[in-house]
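Sequential numbering of the first sequence, starting at 1, is according to full-length UniProt numbering.
What the hints contain is simulated information worked out from the structure, not anything from laboratory work. Where a beta carbon is used, it is the ideal one built from N, C-alpha and C, also for glycine. Some hints here could point you the wrong way.
Claimed, not checked - Here are the in silico distance ranges between beta carbons for each label pair:
(1) Gly111 / Ala271: 28 to 34 angstroms
(2) Leu19 / Leu258: 36 to 42 angstroms
(3) Asp257 / Gln212: 52 to 58 angstroms
(4) Glu252 / Pro225: 24 to 30 angstroms
(5) Gln212 / Asp163: 30 to 36 angstroms
Claimed, not checked - The calculated DSSO-like cross-link candidates involving lysine-lysine, where the alpha carbons are at most 30 angstroms apart (straight line), are:
(6) Lys159 / Lys213
(7) Lys253 / Lys224
(8) Lys262 / Lys59
(9) Lys77 / Lys213
(10) Lys224 / Lys213
(11) Lys159 / Lys224
(12) Lys262 / Lys77
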Amino acid sequence: MSIDVETLVGWFDVNARDLPWRHADRTPWGVLVSEIMLQQTPVARVLPVWQAWLDRWPKPSALASETPGEVVRAWGKLGYPRRALRLHAAATAIACEHGDEVPCDVDTLLGLPGIGAYTARAVAAFAFGRRVPVVDTNVRRVVARAVHGAGDAGPPSTKRDLDDASALLPDGPDEARAARFSAALMELGALVCTARTPRCADCPIAATCAWQKAGRPAYTGPAKPVQRYGGTDRHVRGLLLDVLRGTTGPVEKARLDLAWPKAGQRDACLASLLADGLVEQTADGRFALPGEH
DNA sequence: TATACGTGGTA
DNA sequence: TTACCAAGTAT
1 MSIDVETLVG WFDVNARDLP WRHADRTPWG VLVSEIMLQQ TPVARVLPVW
51 QAWLDRWPKP SALASETPGE VVRAWGKLGY PRRALRLHAA ATAIACEHGD
101 EVPCDVDTLL GLPGIGAYTA RAVAAFAFGR RVPVVDTNVR RVVARAVHGA
151 GDAGPPSTKR DLDDASALLP DGPDEARAAR FSAALMELGA LVCTARTPRC
201 ADCPIAATCA WQKAGRPAYT GPAKPVQRYG GTDRHVRGLL LDVLRGTTGP
251 VEKARLDLAW PKAGQRDACL ASLLADGLVE QTADGRFALP GEH
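The whole structure should be built from the sequences, with the hints applied where relevant.
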């Protein structure tokens with residue numbers, strides 16, 4: 001079972017969300033920033049931060065000229081702040097080694113920090129209109145249902161997932177058409193073929209959907225690991241970093257000690273933040289965001 | 001391949 | 001309230 005290109009792209013023409021990184025005046029840099037911010041973070045939370053970043057740093061070299069700490073601060077509460085560090089490093093590499101222009105080919109993009117299999121292809125497709133398969137969680141779910149008739153995607157398998165998506169892409173000389181199809185596939189997963197409560201009544205490809213034909217069987221694969229947050233190291237790291245985001249200069253350790261009562265876990269998390277380069281220690285023993293002392 | 005990595009909205 | 005979920009990457 002395949003997915004009809006005309007039908008899906010036609011649906012996308014009418015139903016695509018009006019997102020700024022899709023506007024005609026978008027830049028590859030803007031697309032790259034959006035893709036990094038959207039990794040595991042919902043669109044609604046990315047929107048205002050993306051806008052502020054593009055106003056403030058319209059080119060990679062502009063971001064590269066900031067301290068990493070200032071970039072981490074501007075990342076705010078988007079989550080996974082190592083992304084901010086890596087985006088700063090990617091901007092530096094683009095400014096210094098690629099003439100301040102975002103690379104357009106997948107292999108070069110893959111060489112940049114924070115850019116993996118999904119983001120490299122997303123940038124190639126959405127910023128440059130290249131015909132490359134783009135596989136994210138939405139695409140995996142839509143393919144699992146519409147093509148394979150399963151209730152949901154199983155564990156990721158890079159090669160198989162890529163081959164599945166590649167087989168769906170329209171052929172022909174119009175590469176931008178293939179890129180638009182990929183965007184439509186993702187949008188369908190985000191708006192209609194959702195994880196929890198799919199809106200099959202509104203689905204443009206329900207008539208050919210293998211999952212529909214099979215009677216919408218429940219997902220039978222392995223259970224997905226549940227992520228806890230309260231009390232975890234991720235939680236504590238977030239609390240510590242939040243203290244530093246809220247101040248301009250270095251702070252005393254006593255200040256950080258207020259953020260979490262368990263000393264052992266707190267110190268281990270501070271050490272891991274140091275190791276990640278998200279925090280630095282000053283000569284006098286205080287702590288600050290990187291480059292801010 | 002499995003696990004660590006933030007944060008907040010929704011059911 | 002707990003649990004799931006959100007355009008992944010690095011190790």
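The hints, checked one at a time:
1. Gly111 / Ala271: 28 to 34 angstroms: holds, 29 angstroms
2. Leu19 / Leu258: 36 to 42 angstroms: Distance hint for Leu19, Leu258 holds at roughly 39 angstroms.
3. Asp257 / Gln212: 52 to 58 angstroms: For Asp257 and Gln212 the Cβ distance comes to about 56 angstroms; the hint holds.
4. Glu252 / Pro225: 24 to 30 angstroms: violated, 38 angstroms
5. Gln212 / Asp163: 30 to 36 angstroms: At roughly 23 angstroms between Cβ atoms, Asp163 and Gln212 fall outside 30 to 36 angstroms, so the hint is violated.
6. Lys159 / Lys213: Given pair Lys159, Lys213 holds - Cα atoms ~27 angstroms apart, limit 30 angstroms.
7. Lys253 / Lys224: violated, 38 angstroms
8. Lys262 / Lys59: violated, 42 angstroms
9. Lys77 / Lys213: Violated: Lys77 and Lys213 sit about 42 angstroms apart, past 30 angstroms.
10. Lys224 / Lys213: Given pair Lys224, Lys213 holds - Cα atoms ~25 angstroms apart, limit 30 angstroms.
11. Lys159 / Lys224: holds, 20 angstroms
12. Lys262 / Lys77: Answer holds: Lys262 to Lys77 is near 23 angstroms, not above 30 angstroms.
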